[in-house]
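With the hints in hand, could you dock these two chains into one complex?
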Amino acid sequence: METRSCSIGGEFVTIRVAGRMEDTLQAFAVRAACFIGGQDVPYSEEFDGQDFGATHLLAYLADEPVGALRVRWFQSFAMPERLAVMQRFRGHKVGQLLLERARALAESRGCNILYTRVSPGHATYFEKQRWRRLDDGQTPGARPTVALVRPVDPAKESAEIADTDAIALSTQYRLDMPALPSPSEDGYFRY
Amino acid sequence: MTPQTPTQSNHPVVTIKLASTSDELLQCYALRAAVFMGEQQCPYWEEFDGNDYSASHLILHVDGEPAASMRVRWFSGFAKLERAIILKRYRSMGLFVPFVEWAKSFAAQKGYPRAYLHGQKRLWEIFERQGFRKVNERPFHFSDHEYGAFAVELDVAEDAPSVLTDPMVLNRPEDQIDRPGILEESMERGASNPHAEWTERRMN
Chain A
16 METRSCSIGG EFVTIRVAGR MEDTLQAFAV RAACFIGGQD VPYSEEFDGQ
66 DFGATHLLAY LADEPVGALR VRWFQSFAMP ERLAVMQRFR GHKVGQLLLE
116 RARALAESRG CNILYTRVSP GHATYFEKQR WRRLDDGQTP GARPTVALVR
166 PVDPAKESAE IADTDAIALS TQYRLDMPAL PSPSEDGYFR Y
Chain B
9 MTPQTPTQSN HPVVTIKLAS TSDELLQCYA LRAAVFMGEQ QCPYWEEFDG
59 NDYSASHLIL HVDGEPAASM RVRWFSGFAK LERAIILKRY RSMGLFVPFV
109 EWAKSFAAQK GYPRAYLHGQ KRLWEIFERQ GFRKVNERPF HFSDHEYGAF
159 AVELDVAEDA PSVLTDPMVL NRPEDQIDRP GILEESMERG ASNPHAEWTE
209 RRMN
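Sequence lines, in order, name chains A and B. Using our numbering, the letters of the first sequence map in sequence onto residues 16 to 206. Using our numbering, the letters of the second sequence map in sequence onto residues 9 to 212.
It should be emphasised that the hints constitute simulated quantities derived from the structure, not laboratory data. Cβ coordinates follow ideal geometry from the N, Cα and C atoms, glycine included. Any given hint might turn out to be false.
[What the hints assert, rightly or not] In silico contact screen, one side only, chain B against chain A (beta carbon under 10 Å); selected entries: (1) Leu34; (2) Gln35; (3) Tyr37; (4) Ala41; (5) Ala42; (6) Gly46; (7) Gln48; (8) Asp152.
So here's chain B without its partners, still in its complex pose (with noise of 0.2 Å):
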């Protein structure tokens, strides 16, 4: 998996990734207030609502200019997908299917066996065709909204990490998980443990 989808070249530049800087995930949060405060009157509380700090971001840029961007929390067994939005004036690119269907490969990256969201009602059918099922008939409400919620099973990757994974792979960019990392690089450096005392460095 790659962080980016180039697309051919007399179109305009999509490009996927982990929100990774603080610049990133700031892209991520003025997307979601221009379109659920700005747009669909969500309070800032709903909208913000304490669980930013504990989720990845992903953002969608098109020609370098942020588009679209999607929240996932990790719960046991499952990736929640959420928070998915894409600027008004992108949004006749067909970006939503990729865009969902990029976080389900890096869910499935990452060894989540399904991925679950709460769909608004007016976009049930693009989800059902995008594989998702309705995990039971309870409809429910909130910040002025109808969901559903739909689940769908992702194709986890032969080599998705476990605790046998080499541990040099595990600290890799999680979105570049196939691909040396920069603490690999730092591994020609040996254990020259600078912390420690001038003894125990010695030994090394």
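Here chain A stands alone, though its shape is the one from the complex (with noise of 0.2 Å):
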């Protein structure tokens, strides 16, 4: 499926589903060149061993790829992460038409919220798209972030949000660590 929107230089950017090896060789391209190349993100962190449980958005303009993000899933809420537009590709809406098409994607799999994790610095950008913080913290650390959150369904702008404990995730690079949080009293892990 493709979302067809703005376009750079009369070229349409178009926006696909990863769903081919080389679809998903495009996304970790363009995320080295703009986390890795572009802010000194180490290798091991960019790619935390998520990659293979998460679905890839790519951005297109022409056969280029220009953008990517990636979704990962999980019971309570669908998180886009890791939203990358090439420089010179950037301030031509290509994050928004992605970020788009994750939660149209979130919502034909009858997602309810979207979270995600953004540095500070990046929230404005996130909030101007109707996401608002989940709470007023901000993790510690050298790369701090804040926690952001979205109703799927634009016209529930009020969704309850509220089961905070829902959206608690584990940051274990492997999930079969040592580490795993313990099941609740329901015996359901939360991650």
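Here is the structure:
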């Protein structure tokens, strides 16, 4: 399925869900260019072991991959992350198109909530697209992040996202490591 | 030749090897994308030009983190070193010369008498210091950079592979050709020939 909307230099930007190995490699290339090349993120942090349990979206200008977004799926929410647009194609709403495609994909899967973590400096970009902060806090460390959420259905702007306990992520590199979260009282793991 | 080049214990551990797993190959692609697409604005289809699956990749790690990579293509009579990059944060460590030397040794070990490369003009001096000489005075350009063609003669190993080399040596992983490989271990099982008809297997 393809989404067409904005254009750059008369050429349409196309959003595609990665379906082939080559598409995935293109998503990795865009992320490597933006995060490892552009922001000096270490390889092992960028490619964190979560790429093969996720869906990758790609933005193309003609045949050229110019943007990418990874979406991870959880029981109670979908998590778009690793939003990357090649530097010379920024300012044309490519990121917005990718996020909208992720929202539509989540909607088609019956998902109600989108959740993401971004660096505080990028929060405004998301807030302009109807995301709101889940809480006032931010994670400590060299790369602090803030939590943002938005309802999948735009008509439900005030959707209840009160159950913040449902949005507790494991940051383990591998989910089978000994430090797995303990099952809660009802016996289910919460990621 | 060994695939790993450990440095002194109080320094970062630098290792160089032939990329031999999908993961290592992805690391090479990521480094190339970071430097060529991210820093040098190279379009995706020029960087990933269709030659990746007929080439070998070399990967250099610093303390386990992918730091540099190089692609090598094999022509008749020479090895072409290309797509050589070091990630920005590792550029002050003096990795480039030992990495190119490792690649030259690797090509020589495989029997190639010459290594060849297209050097960006700003790097010509460095290549000349490593023994590379221009093959002619014709510069050329592609992907927004000016290049010159350089070549260096290699000291081919005396025991470089030939058609008369022990066949089990040729079966070894190419950057570990000086030590027994997994297929030599398999020889202990004999020619049990499990896919043959039962009667044929009994003959063995």
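Structure-based check of all given hints:
1. Leu34: Result: holds, 7 Å to nearest chain A Cβ.
2. Gln35: holds (6 Å)
3. Tyr37: holds (6 Å)
4. Ala41: The hint holds - Ala41/B has a Cβ within 10 Å of chain A, the shortest such distance being about 4 Å.
5. Ala42: Since the shortest Cβ distance to chain A is 3 Å, the answer is holds.
6. Gly46: Holds: closest Cβ of chain A sits about 2 Å from Gly46/B, inside 10 Å.
7. Gln48: holds (9 Å)
8. Asp152: violated (12 Å)
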